[in-house]
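Student: Residue numbers (our numbering), protein chains in the order written: chain A, 27 to 391; chain B, 27 to 391.
Incorrect hints may appear among the rest.
Once the Cα atoms are required to be at most 30 Å apart in a straight line, the calculated BS3-like pairs of lysine-lysine come out as [to be verified]:
#1 A:K155 with B:K124
#2 B:K124 with A:K124
#3 A:K313 with B:K176
#4 A:K176 with B:K313
#5 B:K176 with A:K124
#6 A:K313 with A:K331
#7 A:K124 with B:K155
#8 A:K155 with A:K313
#9 A:K176 with B:K124
#10 B:K279 with B:K155
Not close to chain B: a few residues of chain A, all C-beta gaps over 10 Å, as computed [what the hints assert, rightly or not]:
#11 A140
#12 Q159
#13 T167
#14 Q221
#15 N228
#16 I273
#17 F282
#18 S289
#19 Y292
These are calculated hints, taken from the structure and not from any lab test.
Heads up, the beta-carbon is just placed ideally off N, CA and C, and yes, glycines get one too.
Chain residues, written in single-letter form:
There are 2 protein chains.
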Amino acid sequence: MKRALSTVAALALLAGSAWAATDDDLRKRANETFKPIPSMVPAVQGNPVTREKADLGRMLFFDPRLSASGILSCNSCHNLAMGGDDNLETSIGHGWQKGPRNSPTVLNSVFNAAQFWDGRAQDLRTQAKGPIQAGVEMAATPEMVLGVLKSIPEYQQRFKTAFPGEADAVTFDNVAKAIEAFEATLITPASRFDQFLEGNVNALNAQEKEGLRLFMDTGCSGCHNGVNLGGQDYFPFGVVERPGSDILPPGDKGRFAVTKTASDEYVFRAVPLRNVALTAPYFHTGKVWDLEQAVAIMGTSQLGKELSRDEVNAITAFLHTLSGEQPRVEMPLLPASTAQTPRPEPLVKNSMEKGAAVERATPVR
Amino acid sequence: MKRALSTVAALALLAGSAWAATDDDLRKRANETFKPIPSMVPAVQGNPVTREKADLGRMLFFDPRLSASGILSCNSCHNLAMGGDDNLETSIGHGWQKGPRNSPTVLNSVFNAAQFWDGRAQDLRTQAKGPIQAGVEMAATPEMVLGVLKSIPEYQQRFKTAFPGEADAVTFDNVAKAIEAFEATLITPASRFDQFLEGNVNALNAQEKEGLRLFMDTGCSGCHNGVNLGGQDYFPFGVVERPGSDILPPGDKGRFAVTKTASDEYVFRAVPLRNVALTAPYFHTGKVWDLEQAVAIMGTSQLGKELSRDEVNAITAFLHTLSGEQPRVEMPLLPASTAQTPRPEPLVKNSMEKGAAVERATPVR
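If we strip away everything but chain A, and leave its shape as in the complex, we get (with noise of 0.2 Å):
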């Protein structure tokens, strides 16, 4: 009997060192392809972020008065409750219009190469000014957003002291500057792939890391890699087989209206895969609500293989562990309207019949 258990001891012993070696290659693997999420605001080239500057850009992130309305806030869309976006196929704006496109997360989005789906922005300022002017988002106007902040003294003073020895600091591209701050915050450091990689081996179960190999073996990591698993590069939808038109509708060509260049006719950025699991429906129409079923497509579409169920399974299960320590974010005090402080746009009492608001430029996320 003590022969026998000793055994069992001994091979399970070796079973575990077995199991040792094959994670720890895994985990080397996977440090070669992805890396952690820091657990440090990432600096921002050309605009470093100060408290003041992170502070103002947080007020102006949840201010309602950017927008021609009144009642949209950039958080309506990147709601910081719902994992940075709104859950909805496309997002609803002003004059209840829906947008082209599904709203991606601002969280961890300092990581990206590029913003929008077509990486027409090349970082998050410039990306800050499209929806607060969008007629479909925020249907402002750069001289209205100004008269709103410089109607307000407490805005003045906190954009002196976010851009000092700048002789007039309420510009747009200084709102755009302290909503890029404040956006580079937006943080999710120590997810379980994170503490997977970082060394311990344990933060991941079997299925999960069945799901990690699978994900670098079947092909995915080869556009989602890097930080984000995702956002540093732009690849046709559809490389082996295109998906139907509800989930790739001919109207939107993506990154070739960015480019004019017929390669990159439905061409988009690789969707950063972080806190995926919170950030429900996919895809650039959302039109696909279901993670297990958003792989499966990407599997036929962009590898051309029929993942089986398990297969499918464990790579969802893999995503789930990417869904980190979401940012704690205090609701600001914004400061109070003035007499000087500009109106909200007198509501038409259906705006869209009467076409004010589409008149508006109407660029896509």
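Starting from the known structure of chain A, fit chain B onto it as the hints suggest.
Tutor: Relative to the frame of chain A, chain B by itself:
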């Protein structure tokens, strides 16, 4: 020279003590009419405020999945970044519809004798059920809301913890109770007026004290008294002189709709004046953006007095001292939807044209 100085000093001392006597008298009179905001969360009748319940209520308050569209939450119209309301004439709700009355602040609303402009809800938990279901606001149904909450394990668990011992804790009544418990925490103590009431007569300057004196002597405090300087009783708008139909449109007869009593025509709840400097525009129509103008209108319509410029300015200065310490609220982290979670109402391109939204019941604030 020495003698001259000491005479001046003696006179100053005399004047000082005379002022002190007057100030103390003013403070005593004020304490007979008003009460300070307590610094602790008040007890709520029939709904003890526990941390678990208030935390759950904070989640529900911010969760747009309690609306048909998936974009509107309690915080949309009662924005905690902006004095607890939306700073619009009347709110924008489902399908970009315009609400019929100005959104009242949620701050200190726990101290009101009843809720809504016509006082038709006796408490905050009754009030909370209104906007969730109103077709012009969140346009949801209790079934829809419970469908969402029951589909999400974390919500189920949190309801169990917040309402221990209840077999089925996820009920619409408990949704309302949790929201009420959170809202009871949204109090704003330590305004300068509270400091004055509590003994620091230097918390108000001379003009503000004059404003307080006028507020009591001209009769404002006849309706605006108690802890919230209002919110306790109902009065006709236009006791002496009815304001113009832009400010008091004939279509909204106020409390008459609740009591069906002729004497309640154009009767509204005396507005609570706490934080009034943060909650422009004013009156149930929200047609007046300027606090001075609102004070002057009240003088003529309610008191039959043409207040002088100086009197209006002094009363307004006093009203500014009613802004208290705003609650610091952390954005909740809402649990993700599941495959079972009902999806937001499919967005009809123009839902108002189709009449989808307006078919629902449309109660007013």
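Student: Which hint numbers does the structure go against, in order from smallest to largest?
Tutor: When the structure is compared with the hints, none of them turns out to be violated.
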